[in-house]
Every structure is written in structure tokens, then in C-alpha cells.
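J.: One letter stands for each residue in the lines below.
Number of protein chains: 2
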Amino acid sequence: MILLKGKNTAEKIKSGIARELESLHGTVPAVSLVRVGEKPEDLAYEKSAVKYLEGLGFHVVTRSFPAEITDGEFQNEFLKINRDPSVNGILLFLPLPRTLDSKKITGMTDPDKDLDGIHPVNIAKVFSGDDTGFAPCTAEAVIRILKSENIPVAGKNVTVVGRSMVVGRPLSMLFLRENATVTVCHTKTEDLKAECRRADILVAAAGKAKMLNGDFVKKGAVVIDVGINMGDDGKLCGDVDTDSLEGIASMVTPVPGGVGTVTNAVLAEHLMRAFRKQEKP
Amino acid sequence: MILLKGKNTAEKIKSGIARELESLHGTVPAVSLVRVGEKPEDLAYEKSAVKYLEGLGFHVVTRSFPAEITDGEFQNEFLKINRDPSVNGILLFLPLPRTLDSKKITGMTDPDKDLDGIHPVNIAKVFSGDDTGFAPCTAEAVIRILKSENIPVAGKNVTVVGRSMVVGRPLSMLFLRENATVTVCHTKTEDLKAECRRADILVAAAGKAKMLNGDFVKKGAVVIDVGINMGDDGKLCGDVDTDSLEGIASMVTPVPGGVGTVTNAVLAEHLMRAFRKQEKP
Chain A
1 MILLKGKNTA
11 EKIKSGIARE
21 LESLHGTVPA
31 VSLVRVGEKP
41 EDLAYEKSAV
51 KYLEGLGFHV
61 VTRSFPAEIT
71 DGEFQNEFLK
81 INRDPSVNGI
91 LLFLPLPRTL
101 DSKKITGMTD
111 PDKDLDGIHP
121 VNIAKVFSGD
131 DTGFAPCTAE
141 AVIRILKSEN
151 IPVAGKNVTV
161 VGRSMVVGRP
171 LSMLFLRENA
181 TVTVCHTKTE
191 DLKAECRRAD
201 ILVAAAGKAK
211 MLNGDFVKKG
221 AVVIDVGINM
231 GDDGKLCGDV
241 DTDSLEGIAS
251 MVTPVPGGVG
261 TVTNAVLAEH
271 LMRAFRKQEK
281 P
Chain B
1001 MILLKGKNTA
1011 EKIKSGIARE
1021 LESLHGTVPA
1031 VSLVRVGEKP
1041 EDLAYEKSAV
1051 KYLEGLGFHV
1061 VTRSFPAEIT
1071 DGEFQNEFLK
1081 INRDPSVNGI
1091 LLFLPLPRTL
1101 DSKKITGMTD
1111 PDKDLDGIHP
1121 VNIAKVFSGD
1131 DTGFAPCTAE
1141 AVIRILKSEN
1151 IPVAGKNVTV
1161 VGRSMVVGRP
1171 LSMLFLRENA
1181 TVTVCHTKTE
1191 DLKAECRRAD
1201 ILVAAAGKAK
1211 MLNGDFVKKG
1221 AVVIDVGINM
1231 GDDGKLCGDV
1241 DTDSLEGIAS
1251 MVTPVPGGVG
1261 TVTNAVLAEH
1271 LMRAFRKQEK
1281 P
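Those protein sequence lines, which keep their order, are chains A and B. So the first sequence is numbered by our numbering: it starts at 1 and just counts up by one. So the second sequence is numbered by our numbering: it starts at 1001 and just counts up by one.
Honestly, I wouldn't trust all of these hints.
Have a look at the derived ranges for each label pair, beta carbon to beta carbon [what the hints assert, rightly or not]:
hint: 1; chain 1: B; residue 1: Pro1097; chain 2: A; residue 2: Lys80; range: 33 to 43 Å
hint: 2; chain 1: A; residue 1: Gly129; chain 2: B; residue 2: Ser1048; range: 21 to 31 Å
hint: 3; chain 1: A; residue 1: Thr187; chain 2: B; residue 2: Glu1038; range: 47 to 57 Å
hint: 4; chain 1: B; residue 1: Glu1077; chain 2: A; residue 2: Pro85; range: 29 to 39 Å
hint: 5; chain 1: A; residue 1: Thr132; chain 2: B; residue 2: Lys1277; range: 24 to 34 Å
Subject to a maximum C-alpha distance of 27 Å in a straight line, what follows is the list of computed DSS-like cross-link-like pairs (lysine-lysine) [stated by the list, open to error]:
hint: 6; chain 1: A; residue 1: Lys218; chain 2: B; residue 2: Lys1193
hint: 7; chain 1: A; residue 1: Lys147; chain 2: B; residue 2: Lys1188
hint: 8; chain 1: A; residue 1: Lys218; chain 2: B; residue 2: Lys1188
hint: 9; chain 1: B; residue 1: Lys1104; chain 2: A; residue 2: Lys104
hint: 10; chain 1: B; residue 1: Lys1039; chain 2: B; residue 2: Lys1051
hint: 11; chain 1: A; residue 1: Lys188; chain 2: B; residue 2: Lys1147
hint: 12; chain 1: B; residue 1: Lys1277; chain 2: B; residue 2: Lys1051
hint: 13; chain 1: B; residue 1: Lys1104; chain 2: A; residue 2: Lys103
hint: 14; chain 1: A; residue 1: Lys193; chain 2: B; residue 2: Lys1193
hint: 15; chain 1: B; residue 1: Lys1277; chain 2: A; residue 2: Lys104
Derived from the structure by calculation, the hints contain no laboratory data. We put the CB at the ideal spot given by N, CA and C, even for glycine.
Starting from the given sequences, assemble the full structure and let the hints guide the process.
T.: Here it is as C-alpha cells:
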């Protein structure tokens, strides 16, 4: 069983960005990371994104607001960030506190600065197979790993476990665009094991630690683990019990070091693309 | 094998609309059917929609433009229709001629008047399982037949053949919202027969006359035929060879008289909902 690390794919994307940044002769694209409250997972993602994007040479501004901010106040602030011509890309940490009108706020995002594809225009583009917008970075990272490792997708049976708006749903549409036959499973699926065992490519994106093991995997299948959970042993783990796939799966992405590694690279690439979209012709 | 006609479902929807229209005490919601060119299928749908909506008591205005109209001219005209406060709902026949900027025009539609769900906001809502917008009428008609006939969907295996933006994709998302396990197939699917034979509910929405027969159907499955094609014998037929399902499928929708019958009723219901959205509070 091959451990399908994200590093190679991330490096390829990174070197493309580095070349493009060089060609800008000193101009530095800027991103605004917008966070409301202090959720540990937001702080962890923010820290990793800041390090990665600054490491590449981008200008990163973190904007944080107290969890108690009113809906009106936050909308004002968010609108200012949105309209600021010095901000090329925006990453808003979701979900927002329930006191904020999330639907309205995501709809306010400038579609051309919308690095994680939360605006309806970008969602609709992903849904319709139009690649001129922004897909959610994690969903796109999965496709990028498969492409970069030359794993065939067209015509293959892909089972996606999980139907979130961040991974499951958009990823299903990205797979459809690559001509895979896509099955979407979830908590209400009657025979999850059978659905998973049909898959040439099995994607675990349910957010439940080690919920899939070797019993769910067809001999020779490629397993992509999108989960990031805290295991009982206090260590990070995915949605897949990786050890149990030995001798069954042909490849599996590790957690950490798999999809997550590529997600940051895709985010950086989106920032580069957002900058290009805003360049004066 | 039961022939699952659309009539019962359509009648239920129709009587709900009639009650609601009565409660308006003489106010008559109005719809604008917008057509560019003279494609026979547009003319056929227009004729049937006009008859149906006028029969219910709605005010119907048909607006037709020559296929040669310039992009700028049509956008001007479409904007006027859109902004006209006396127009509560709009049905734009798609696809538009290639000379027109279809993406821009669908994006100009007022989401609250968008009866067939072509605006990105409505597309994104369907994608995310939010039922406050408008889904494409045909896709919604399929779900309505199943619900009205008390055919269980949750947890069932649903295979959708076809991935268009009018039926296949949105319908897959509507099935996901009903907690079905959904598989989307298409021309690049390697073993279409096997994918179809797994389905408790099989939906044919590929637009190819009689492409599915009894070999593609599991014993006892429910088959929904969304296709409307002209057969070799010059008669209307669906994507399913209905006769060949005898003794295999438990139910099948006929063509004509199945999904299409319900589509007009859903269109009328959308017009009623659009009118409500525009009422002053």
C-alpha cells in the first residue's frame, strides 16, 4: 500500500506560484483572513495559512472580531475589507456565530476575491462544471492530488462519504466534471459498506474519526482521507483507520500530510488567480 | 407494473394553487414567457405553458424576439421585463442562441422572479439543500411525484442517468436533500447497466430515445422517465423502453402523461410563490 503524501503535489503547485510571483517584479498580492471568535480549529487553520502564505511571499493581514460582534457591525467591517482595493483575496472562517446572518455575509463577498468559493456565483459555477470561479480549496485539493499523481478518474466509480458544502457536495461536482461516476453517501445511507466497497476511488469526508476501515474498501482501491479529527489517543487522525487498509487499498492519503498539505497550496494558488482577476487590463 | 401517471400529483398541486388564487380576491399574478427564435421545442413548451397557466387564471404575456437580435438589444429588453413591477415571474427559454451572452443574461434575472431556477443564487440554493429559492421545474416535478405517491426515498439508492443543469445535476441535489444515496451516471460511465441495476429508483434524464430497457432495471424498482424524444415511429417517447419493463419494474412514469404533466403544475406553483415573494409586507 502506497502512502499518497500531499507533499509532491503541493510542491508542484508551489513552484508554479513562485514563478508567477517573480514575474510580478516586486508587486505583492495581499490576502485578508477574517475570523470571528476564537475557535481552536479556526486558530489552527489561520496559523498554518499565515505561515504558508507569508512563506511564499504574499502579504497576509489577519482581521479578527469578537464573537459578540453584532450582525450590523460585522457586515460594515466585512464590506470595508471587501471593497478595499489593496485586498486581493479574502478567506472568511466558517461557520460564523449564529448571531450573524451567514447567508447575507457570504453573499456580500466579492466573487473575484472569494478564495474558498463561498459566494453563490462561485458555488453555481462549481455545480455547473464551470472552472472560471473558485471551488472550496479542500475539495479542489483532492482532485489536484489525483491529477498530479496520474491516477485515472474518468469513468471510474467514485464514492464520496459526506455531503457538506465545504467538501462532499462540491467535490462530487468536481469529480463529475472529470467524468467519474459519482455516488454521494451520508448518515442516512442504508448500506454504507456496500457503497464504499464498489468504489475505485473512495473519499472519506464525514468528519468522524476512523469511521472507515478495511471492510469498507475494495481490493486495489485508492482511498482519499479528507477528515481531520482528534483521536482518542490525543493525536490527529483522519476519517480512515489507515493501518487496517494494509493489503487492501492500493494507495491512501495520510493524515496529517495528505489532503491538508495540498489545501494550503490551492489557497495560495487561488490568491494568485484572484490577484490576476483584479489586474487592470 | 403500475403506470405512474403525473395527473394525480398535478391535480393536487393545481387545487392548492386554485385555493390560493381565490384568496387573492381578484388580483391576478402575471408571468412573462421570454423566447428568442422559433425553435419547435420552445414553441411546443410555450403553447402548453400558456394554455395551462391561463387555464388556472394567471395572466400570461409571451414575449418573443428574432433569433438575429443583438446581445445588447436583448439585454436591454430583458432588463425591462425583469424590472417591470407588473411581471411577477419570468420563464426564459434556454438554451439561447450562441450570439447572446447566456451567462450574463441568466445572471440578470431577478432571483425572486426566476421560475425555472436559472440564476446563480437559486442554483446555489438547490446545491446546498436550501428550499427557499426556485429549483428547475422538471427536477422538482420528479420529487413531487414520488412524494405525492408516497414512494419512500430516504436511504434508497437512486441512480440518475444524465448530468444536465436542467435535470440531472439539480435533481441529484434534490434527492440528496431527501436523504437518498445518489449516483450520477453519464456518457462516460463505464458500466451503465450495473449502475442502473443497483437502483431502487432509476431516473432516466439523458435525452436519448428508449436508451434504457428491462436489462437496466432491478426487479421491483421505480423508474422515472424524464426524457421527451421523437421516436422512429414519429411518436413522442421517453428515454425508457417502457414495454420492456413489464414484470421487472414495480412502477414507471409514462411519456407523455408522466413527469411533463407535473412540470407545468410546478411552474404554476412557482409563479404563485414568486407573487408572494413580491407582495408588500
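J.: Against this structure, judge whether each hint is valid.
T.: The hints, checked one at a time:
1. B:Pro1097 with A:Lys80: 33 to 43 Å: With a Cβ separation near 42 Å, B:Pro1097 and A:Lys80 satisfy 33 to 43 Å, so the hint holds.
2. A:Gly129 with B:Ser1048: 21 to 31 Å: holds, 30 Å
3. A:Thr187 with B:Glu1038: 47 to 57 Å: Holds, since A:Thr187 and B:Glu1038 (Cβ atoms, about 50 Å apart) stay within the stated range.
4. B:Glu1077 with A:Pro85: 29 to 39 Å: Holds - the Cβ-Cβ distance for B:Glu1077 and A:Pro85, about 35 Å, lies within 29 to 39 Å.
5. A:Thr132 with B:Lys1277: 24 to 34 Å: With Cβ atoms ~30 Å apart, the hint holds.
6. A:Lys218 with B:Lys1193: holds, 20 Å
7. A:Lys147 with B:Lys1188: holds, 18 Å
8. A:Lys218 with B:Lys1188: With a Cα-Cα distance of about 21 Å, the restraint between A:Lys218 and B:Lys1188 holds, given a limit of 27 Å.
9. B:Lys1104 with A:Lys104: Given pair B:Lys1104, A:Lys104 holds - Cα atoms ~22 Å apart, limit 27 Å.
10. B:Lys1039 with B:Lys1051: Answer holds: B:Lys1039 to B:Lys1051 is near 18 Å, not above 27 Å.
11. A:Lys188 with B:Lys1147: holds, 18 Å
12. B:Lys1277 with B:Lys1051: holds, 24 Å
13. B:Lys1104 with A:Lys103: holds, 23 Å
14. A:Lys193 with B:Lys1193: holds, 21 Å
15. B:Lys1277 with A:Lys104: Holds - the C-alpha atoms of A:Lys104 and B:Lys1277 are around 17 Å apart, at most 27 Å.
The structure meets every hint from the earlier list without exception.
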